Every structure is written in C-alpha cells, then in structure tokens.
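Taking the hints into account, I'd like the entire structure generated from these sequences.
Following full-length UniProt numbering, the numbering of the sequence shown begins with 1 at its first residue and continues without gaps.
Calculated from the structure, these hints are not laboratory results.
A couple of the hints might just be wrong.
The calculated PhoX-like cross-link candidates involving lysine-lysine, where the alpha carbons are at most 25 angstroms apart (straight line), are [said to hold, decoys possible]: (1) 89 with 75; (2) 150 with 75; (3) 125 with 79; (4) 150 with 89; (5) 150 with 138; (6) 125 with 138.
Label pairs and their in silico Cβ distance ranges [what the hints assert, rightly or not]: (7) 121 with 88: 17 to 23 angstroms; (8) 153 with 6: 23 to 29 angstroms; (9) 21 with 165: 21 to 27 angstroms; (10) 22 with 167: 20 to 26 angstroms.
Predicted model, so just to flag it, every value in this text is computed and none were measured.
The beta-carbon is built from N, C-alpha and C at its ideal position, and this holds for glycine as well.
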Amino acid sequence: MDDITALIMEDHHTFRVGFARLDDAKGAEQLKAVWEPLALHLDIHADAEEEILYPHLLTDSGGDEAEEETDDAIKDHNKIRDGIAEAGKHPVGSDPWWAGVWQARTENSEHLAEEEDEVLPDFRKHATPELRAELGAKWLKFFADHPQGKGLDFHNKDPEKYIEEHS
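Written out as structure tokens, the structure is:
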C-alpha cells in the first residue's frame with residue numbers, strides 16, 4: 001500500500017520538475033502548457049493535504065509542534081494560491097504573470113522544505129504504518145474523485161479556524 005508521506009513527496013518532486021520546465025519554456029504557448037497543469041496540481045495538492053494529512057497531524061499523529069506546523073502549512077497554501085490567482089489575472093509570459101508565478105514558486109519551495117524537514121518526519125514518528133497506508137489510499141481516492149480539480153474551489157482558509165475545526 002502507498003504511504004501518504006511517499007505520495008506527498010512524489011508530488012513535491014513533480015512540482016520541482018514543473019517549475020524547472022517553466023525555466024526552459026519558450027513563448028506564451030509553452031509557458032501556458034507547463035504552468036496550467038502545474039498550477040492546478042498545486043491547488044489540488046494543497047486541498048488534499050488540508051483534507052487528509054493535516055487533520056490527522058492535529059489529532060493524534062503530529063507531535064508537540066502539530067498546531068504550529070499546521071498553521072504554517074495553511075498560511076503557505078494560502079500564499080501559493082494567491083500567487084496562482086495573481087498569475088491568472090495576467091497574460092501568460094507578461095511581467096505581472098511572472099510575478100504571480102514567482103510568488104507561487106518561492107512560497108512553494110519554502111513550504112516543501114518545511115514539510116519535508118519538519119512535518120513529514122514528525123508524522124512518520126507518530127503515525128502507525130497502517131494509518132499512513134490508510135491515508136495513502138484516501139489520498140489516491142481524493143485525486144480520483146476530483147479529476148482536474150472537479151468539485152474543489154481552491155479558496156484560502158483561515159488557519160485559526162481550520163485548527164479549531166480539526167483539533
């Protein structure tokens with residue numbers, strides 16, 4: 001069975017490769033072909049983490065830093081969403097579009113590092129292999145249930161309210 005932490009790490013690798021592809025893309029058509037699926041995947045990934053990983057981190061599998069890590073993650077997700085939304089307001093390849101993409105990229109890079117260095121190791125220490133496999137199955141089902149983001153609205157979340165609702 002797939003471990004949720006491995007699935008998350010696979011997505012993280014995909015994001016790094018996607019941003020590297022943007023560096024190599026030439027012209028608006030190539031930029032759009034790389035950016036649109038990457039931006040969508042970033043949005044779906046954030047929603048999946050907020051639906052599946054972080055509630056368990058808060059309740060029984062996150063250790064002493066779970067609330068702080070969750071607060072940081074929700075804020076990071078919001079900043080990434082804001083960058084994606086900003087890019088979407090401008091013509092692909094324009095300076096303001098790049099500014100939005102850059103915001104999403106830098107916020108994503110910081111988020112991945114925090115998650116890989118703090119959140120996921122803490123989760124591995126506190127979650128059973130069975131729970132990690134169960135959440136991995138839910139992760140895969142989440143993506144299957146929301147092809148191309150169907151049914152998701154990618155809205156920002158209030159970190160305090162999120163923590164209160166999921167603790």
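Taking the hints in turn, this is what the structure says about them:
1. 89 with 75: Holds. Residue 89 to residue 75 sits at ~21 angstroms (cutoff 25 angstroms).
2. 150 with 75: holds, 23 angstroms
3. 125 with 79: Outside the cut-off at roughly 28 angstroms; violated.
4. 150 with 89: Holds - the C-alpha atoms of residue 89 and residue 150 are around 21 angstroms apart, at most 25 angstroms.
5. 150 with 138: With Cα atoms ~17 angstroms apart, residue 150 and residue 138 stay inside 25 angstroms; holds.
6. 125 with 138: holds, 20 angstroms
7. 121 with 88: 17 to 23 angstroms: Distance hint for residue 121, residue 88 is violated at roughly 34 angstroms.
8. 153 with 6: 23 to 29 angstroms: Holds, since residue 153 and residue 6 (Cβ atoms, about 28 angstroms apart) stay within the stated range.
9. 21 with 165: 21 to 27 angstroms: violated, 37 angstroms
10. 22 with 167: 20 to 26 angstroms: violated, 37 angstroms
Consistency with the previously given hints fails for numbers 3, 7, 9 and 10, ordered from lowest to highest.
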